[in-house]
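Protein chains in written order, with our numbering: chain W, 1 to 405; chain F, 1 to 405.
FYI, nobody ran anything at the bench for these hints, they're computed from the structure. Treat the hints with care, as some may be off.
Copies of one chain are not kept apart here, so a pair can be met inside one copy or by any two copies together.
The calculated EDC-like cross-link candidates involving lysine to aspartate or glutamate, where the alpha carbons are at most 20 Å apart (straight line), are [as the list claims (entries may be wrong)]:
(1) 339 <-> 91
(2) 351 <-> 91
(3) 33 <-> 130
(4) 173 <-> 253
2 protein chains.
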Amino acid sequence: MEAKIDFIASGGVTSPRGFHAGAGCVGVKEGKKDKPDLGILFSEVPCKATALFTTNRIKAAPVVLCQQRLQSGRAAALVVNSGCANTCNGERGLNDAIEMADLAAWDVGLSPEDVLVASTGVIGQVLPVELIRAGIGQIVLSREGGHELARAIMTTDTVPKEIAVAVRVGDRKFTIGGIAKGSGMIHPDLATLLCFLTTDADVDIDFLRLSLREAVDISFNMVSIDGDTSPNDMVLIMANGLAENEVIGQYSDQAGVFQEALDRVCIHLAKCIASDGEGASKLIEVTVGGASGVAEARLAARTVASSPLVKAAVHGSDPNWGRIVAAVGRSGVEVVESKIDLYIGNICLLKAGHQLPFDVEKVVAILDNSEVPITIQLNLGTATATAWGCDLSEEYVTINSQYTT
Amino acid sequence: MEAKIDFIASGGVTSPRGFHAGAGCVGVKEGKKDKPDLGILFSEVPCKATALFTTNRIKAAPVVLCQQRLQSGRAAALVVNSGCANTCNGERGLNDAIEMADLAAWDVGLSPEDVLVASTGVIGQVLPVELIRAGIGQIVLSREGGHELARAIMTTDTVPKEIAVAVRVGDRKFTIGGIAKGSGMIHPDLATLLCFLTTDADVDIDFLRLSLREAVDISFNMVSIDGDTSPNDMVLIMANGLAENEVIGQYSDQAGVFQEALDRVCIHLAKCIASDGEGASKLIEVTVGGASGVAEARLAARTVASSPLVKAAVHGSDPNWGRIVAAVGRSGVEVVESKIDLYIGNICLLKAGHQLPFDVEKVVAILDNSEVPITIQLNLGTATATAWGCDLSEEYVTINSQYTT
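Generate coordinates for the entire structure from the input sequences, incorporating the hints supplied.
As structure tokens, this is what we get:
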């Protein structure tokens, strides 16, 4: 069956049919009255839903609650706040998360078990539930509200991160949308603070789970900002079936195109997170080819993309390529020095382990761009992987040395 | 037998009997004619010698050469340069390292197989052997030359790192000395660029190997500056036996005190490296107690000490303690949130997972010190470990974004 995937201009999490969203400023972000900090995502009909969560042993209260509620494979709404992570708050934190879900459930007319909760912000601060109780009524849900929601989940992010794609298969059409936020405490597994995906496709829950894992492995799990994995990480997908397509299962004709569309959405959002990393001015895209296995290719690519020395060199447009090779060498994957090829942009600096003379000005010009591609060919096998990171700037330090004070 | 370990004022690598050293400026460090960049360490008699090397799969040429030569367990001299790492230079690099050893051997009157080589500096630059050939003659060896050698191995280090201890056992005395350098591309296993240790004790080579591994595991392998492991890492010990003590073997009476003295020397140098990390203004000492095993305690302590978010918060004296708990949580070790105690200095912020109210000004005052102790008690077992790191400053980024340009 012929299939076509198109990006939707100004698309987002409410582009798929039947999804509504909205946000408000209730005061969780202290002293920032113009910054939205509470939002709701709502589906007209119950969704198949699944999520992937942080691997941090310390888990935020909303993560614990969502893990319980998503065992049913079903959800209809999500309430999310920024400004407070509701992490390390013990039993009180869990009770606050439950109350936050209750308040949202009452507001949108659902039963609490169908409402999920997410939080992002400072760890170890008590959630000001009274502000949420007082302010949640101001949120107006609409079919265009996805953009407001994308803003309401931002913390140190400088831009909202949104996307939607339309998928046409034969005479049927479904849509996948998503929003995400970064932009510190970002490291593979799971490499994002929050990402919410929606689709109007009717998708079998088992396939939805498989498909999300596959998409996250090549997108969010390939991003690193600073090597710190957050206790609040969560990538959620909700599928409401309003496209009235044939249910997509693992062996359906449409499984391939659904996966491809979901991959594209996740990779787009993952790249947005990397290029908006705290203090970042450049996106670094590291591709490792010729590895002996996919796991090795991924590990090597992520190690280079997260090396502080590589990141600092890219920041200063310093063609200090030895650091790239050193990072591959310490990644733990099989490396034979005499086989490595190394490219910055399209300029080859190392061929079979031998240094080639290169035009420093041309390499500096590539490093001056807002996207810096680095390619390492190991020449040991056929596996390839790409990872994304950002440069390390003085501003990253400034942001993170004054976060709570 | 009674034993006593004393620090020697202004001690260093030539404090043990029979060791001589010297350094000169031969021009390897381009444009820095007043900075010493070539040095020699020499023992009057051949030494038992062993070293631990980087685990990076990319190995500097001097590392490859030393690994070959140290199979004999014997060495009498070392020649070392700073300003060029002689790494990623293929066969030419190895030949250059061999020639550098030949030149030093001729200079001090030894056979080349007894001479070891080390290099530190920029990766991927060809070693200017002609400058070494022309300049090596200017080096004058002396019994006080250890201080010059400590300066000759510095790159971005701001201070030389030296120590010696005198060990008295009964009526016998032996001495252990050492020098080291950091201060970027520093990460456990092996967490230093270069460290050279000397002793006049007569030590069995098998015990010397065991003992060095044990000392390095609790010192250099517990330091992290930036998570990047260098291809040039090397910790060398040379024991010349001139103290004329009874040979120390694994089961000797003196094995314990030798180990303790070596541990102290290595921990001192490791802490020097951490507090002189690139751009650092503070030493962070992280102790994890109550872990279920030593490996777990070490991993958790190292993860906190190397977390960029913890490091940036310490830099700004920001009491953002949630990041410490998040780092422990992502370290991969067993953690039960409701059992964790957390201290900054002597102030308890978290007791059995419950936040305690704390005086922000007092915590900020502790974070303002040049040494910041952080203690995490997991309350799961009895194992303890300490790791050292430094704060992350804007200057780290500035240094590393302009390293080769």
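Evaluated hints:
1. 339 <-> 91: Answer is between: at 13 Å across copies they meet the 20 Å cutoff, but 55 Å inside does not.
2. 351 <-> 91: between (57 Å within a copy, 14 Å between copies)
3. 33 <-> 130: within (16 Å within a copy, 67 Å between copies)
4. 173 <-> 253: within (14 Å within a copy, 81 Å between copies)
Of the numbered hints stated above, none is contradicted by the structure.
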